[in-house]
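These protein sequence lines are chains V, Z, X and D, in that order. Each residue of the first sequence is one higher than the last, beginning at 1 in this note's numbering. Each residue of the second sequence is one higher than the last, beginning at 1 in this note's numbering. Each residue of the third sequence is one higher than the last, beginning at 1 in this note's numbering. Each residue of the fourth sequence is one higher than the last, beginning at 1 in this note's numbering.
Treat the hints with care, since some could be wrong.
Since the list can't tell identical chains apart, any single copy or any two copies may satisfy a pair.
[Stated by the list, open to error] Here are the computed lysine-lysine pairs in the DSSO-like style, where the Cα-Cα straight-line distance is at most 30 Å:
#: 1; residue 1: Lys141; residue 2: Lys114
#: 2; residue 1: Lys176; residue 2: Lys2
#: 3; residue 1: Lys2; residue 2: Lys103
#: 4; residue 1: Lys5; residue 2: Lys141
#: 5; residue 1: Lys141; residue 2: Lys10
#: 6; residue 1: Lys205; residue 2: Lys103
#: 7; residue 1: Lys43; residue 2: Lys61
#: 8; residue 1: Lys174; residue 2: Lys61
#: 9; residue 1: Lys114; residue 2: Lys78
#: 10; residue 1: Lys61; residue 2: Lys114
#: 11; residue 1: Lys61; residue 2: Lys176
#: 12; residue 1: Lys114; residue 2: Lys103
#: 13; residue 1: Lys150; residue 2: Lys2
These are computed hints drawn from the structure, not numbers from a lab. Model, not experiment: these values are computed from the prediction.
Here's the letter readout for the chains.
Protein chains: 4
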Amino acid sequence: MKSTKIYYKKLKFKNPILVVGLPGIGSVGALVGEHLKNELGAKRFATLYSPHFIHQTIMLKSGYTRLISNRFYYKELKSSTLILLIGDTQAPTPEGQYDINEKIVRFFKHLGGKQIYTIGGYSAGNHYIQTPRVFGIATDKQTKDALSQKGVLFGQTNGAIWGSAGMVVSFAKKNKLHAACIMGETGALEIDANAARAVLEVLKKVIGVNVNLDNIDKIKAETEKLLKELEAASKPQEGQGATSFPYIR
Amino acid sequence: MKSTKIYYKKLKFKNPILVVGLPGIGSVGALVGEHLKNELGAKRFATLYSPHFIHQTIMLKSGYTRLISNRFYYKELKSSTLILLIGDTQAPTPEGQYDINEKIVRFFKHLGGKQIYTIGGYSAGNHYIQTPRVFGIATDKQTKDALSQKGVLFGQTNGAIWGSAGMVVSFAKKNKLHAACIMGETGALEIDANAARAVLEVLKKVIGVNVNLDNIDKIKAETEKLLKELEAASKPQEGQGATSFPYIR
Amino acid sequence: MKSTKIYYKKLKFKNPILVVGLPGIGSVGALVGEHLKNELGAKRFATLYSPHFIHQTIMLKSGYTRLISNRFYYKELKSSTLILLIGDTQAPTPEGQYDINEKIVRFFKHLGGKQIYTIGGYSAGNHYIQTPRVFGIATDKQTKDALSQKGVLFGQTNGAIWGSAGMVVSFAKKNKLHAACIMGETGALEIDANAARAVLEVLKKVIGVNVNLDNIDKIKAETEKLLKELEAASKPQEGQGATSFPYIR
Amino acid sequence: MKSTKIYYKKLKFKNPILVVGLPGIGSVGALVGEHLKNELGAKRFATLYSPHFIHQTIMLKSGYTRLISNRFYYKELKSSTLILLIGDTQAPTPEGQYDINEKIVRFFKHLGGKQIYTIGGYSAGNHYIQTPRVFGIATDKQTKDALSQKGVLFGQTNGAIWGSAGMVVSFAKKNKLHAACIMGETGALEIDANAARAVLEVLKKVIGVNVNLDNIDKIKAETEKLLKELEAASKPQEGQGATSFPYIR
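This is chain V alone, in the form it adopts within the complex (with noise of 0.2 Å):
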């Protein structure tokens, strides 16, 4: 296998919009892209393999096996459709990120596509985001506007977006789409259920689709209970060397 396919089959979709939901800071673009793929009921049409991701492959708890992917779900709105892009992994090298993100643009420009969101996380320093701000960046004001009215700050931020929610964006632009990465702000969290969350309230507005957020406010009350536990630990030690925990990098 030498280069990156994306098998899928071939469906009609009225005025698709793309959410990128990849792994990256915070997790926030997986659980984003989780969470509507298993709330909204999404389907799978079409899945990415790539020579550029790691060498692995994936149990499943059927016994079964399958290769590292991304894979690409899709659920009519009202107006639009929802395509939803998730995935175990991205490509480590620049060489594999320039070539699955290209043929991620191209693809659903192929499927009519005119409009992307990539969901990241936006990383601000090692503690704990009670509140976190969404922040975007955009190819075209149209776009911004449209999110600014909806709270996502613009021009806040600086540096450089890491792997497909960047990537996607600039090769959007290349094709002549409309996208903009929406980031949530997260600290030191290695999966961040309420940078997700801040995203998600956003994309409810953006997109105009209906979802429940119970789910990813478990995640977030597991996740602060674990830290006010750990906090409280750790105020007698002092001086000591850092407490391994899974939920903080």
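Add chains Z, X and D to chain V, keeping to what the hints say.
Just chains Z, X and D, lined up with the frame of chain V:
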């Protein structure tokens, strides 16, 4: 040399069954593959070279040398031909693994094969496993059921399988072949003959081949003796760092 | 995106001279390139994208975004056109560097250019260099003599030049163009405006362009103030570990 | 520059014999190659460039520069032509090594060559070897016997040979050429002139070339003097960490 190549003698095989025993966790795959080759007197008929393998040549005791390779052996059984794939190494990069493992599957399909078993170790913590379980993942119900009947446990593992042991199974599925990965439970050993023995017991029944296990038992006994000596030596010195021991990772 | 590409406006230039000012040792190249662009009001006419650059997109203050790139600017001078190459990064791999640097040289040759100056830092130990020397290497006697007359020292350095600063000169030679690498002597600073200033003084004479150096002097003054504060602060605390200081590598 | 290329003058050689002396363990190959080139006054006729080499250019004392390369020299002997391959570096990746070493062998075959000797160091622990043995591996009985008669030891080593020293021999075999790797036994030195001297003594007899060894003896004497000083200096300070010493790895 720009691409992976398999050089082979054109031979006719009846109902070929492939067992992949390459280096990996606990050396379980390599131990099983080498043991079957030696005990059965299997003969080499094909060699795989790849620019994705490390850039070394092997110094042979004869004073000659050869490139790093993976090698195919065959042994005619009653109603089938056992094909063994053993080798010096696996490719360290994703691109190499995707390329090589797909080529392995296609080559075996080209030989008329339909059933593949890859052998691996399933890492289960840091203690020596006295009575290792054998875990499996499969491409299909038929393979899964056949292995279950011989004591292989399905659906009790999670995570991902690294390298050929997993990827050959996934590429087999893509090529409509039947395949399973059979994993011996292993602890922190680099060479775990006990885990390999457990897999060999299963393979004997599944493939219907009678193989003496004395040589595996010798390695097993030697390892256990060394572990006991190590345990005895380490007892009075609590609080010390790890002891360097060649059999332990 | 599988290969390095340069997108450009077709413009006619008279006697184009290329100055390459990319990130590297002491940021000397980048400081020189950015300073010339800003002071001269040079205009962008070409952009180089490559799958060998890191997989990031830049967050702009405008709320928009762009791919990592190298960018060509031009400024008409009296008897020549100054072409500036600046950028976010250099490729981290040999394969990327060989590909990109050869493409840079060929693109410039295609524009009708014959003379190239690359800018770099020459690492000279761990102390701040108060009066940095300017070292050079060249493809030909004519270029070497012209630079020598302006105070550039040849044959006093050894070792190897990393990245574009060196490789563009080598590819220029292969393509029968004249080229030199001009290196400002630098110590352990990440951003050494003093070294950049020394190179700018040379370039002004060599290219015959009048550039105000006040903005470089500001960075230089700021750095020297910080270094003095650091020196003062570190004196009473002998034996302590390294102080974290953004300007020092 | 996308692929490895060899630029060469078309010359006719009588019975060409290739000696590969590239950087590696103990710098044995490089010392032997450079020494033969200098003592024999061999002339360059071919240069190999590769995008797999590190992305650097060499600063020459003349003030000029050149790309990293491997270079072929020739010297007419009585009944044969000695071809020497020396160079700045070897490729750091498997893909680069497979590509370059196969190209070296094919180029030499294209020149009409049939016999290759690669030179390397055989790492034998952490102590300086006073009287280094010379080990060999070969492609064929004829080459092996000829070297054995000159004192080269076969079948006494195991493991693997890294890089060109080993891979050129393997690719020679694949191309039906005769080849051997001749390795000087070396300890923990970066530059082991004593090991190189031992190999040169063998080569003189095997190739039938008379080479003065005074310059190698000078490096050897200098190294041994430094080692004695180091030993003397380190004696009273038992229990201390490793001393930084440029000749020792």
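These are the hints, each one checked on the structure:
In this assembly of identical chains, the alpha carbons of Lys141 and Lys114 lie at most 30 Å apart only when taken from the same copy (15 Å versus 42 Å across copies). Taking identical chains as interchangeable, the C-alpha atoms of Lys176 and Lys2 lie at most 30 Å apart whether they share a chain (28 Å) or sit on different chains (19 Å). For the homomeric pair Lys2 and Lys103, the shortest alpha-carbon distances inside one copy (15 Å) and between copies (11 Å) are both at most 30 Å. Taking the closest pair of Cα atoms, Lys5 and Lys141 come within 30 Å of each other only across two copies (27 Å); inside a single copy the shortest separation is 33 Å, beyond that limit.
Proximity of Lys141 and Lys10 under a CA criterion of 30 Å is satisfied inter-copy only: 28 Å between copies versus 33 Å inside one chain copy. For a Cα distance limit of 30 Å, the shortest separation of Lys205 from Lys103 inside one copy, 28 Å, qualifies, whereas the shortest one across copies, 46 Å, does not. Taking identical chains as interchangeable, the C-alpha atoms of Lys43 and Lys61 lie at most 30 Å apart only when both belong to the same chain, with a minimum of 20 Å there against 38 Å between chains. In this assembly of identical chains, Lys174 and Lys61 lie within 30 Å of each other by CA distance solely across copies; the values are 20 Å between and 41 Å within a copy.
For the homomeric pair Lys114 and Lys78, the shortest alpha-carbon distance inside one copy (17 Å) is at most 30 Å, but the shortest distance between copies (47 Å) is not. Within a single copy, Lys61 and Lys114 get their C-alpha atoms only as close as 37 Å, which misses the 30 Å cut-off; across copies the closest is 25 Å, which meets it. Taking the shortest Cα distances, Lys61 and Lys176 sit within 30 Å of each other only across copies (21 Å), while inside one copy they are farther apart (42 Å). Only within a single protomer do Lys114 and Lys103 lie at most 30 Å apart by alpha-carbon distance; the minimum there is 15 Å, versus 33 Å between protomers.
For the identical chains of this complex, Lys150 and Lys2 are neighbours neither inside a copy (43 Å) nor across copies (37 Å), given an alpha-carbon limit of 30 Å.
Checked against the numbered hints listed earlier, the structure breaks hint 13 alone; every other hint is satisfied.
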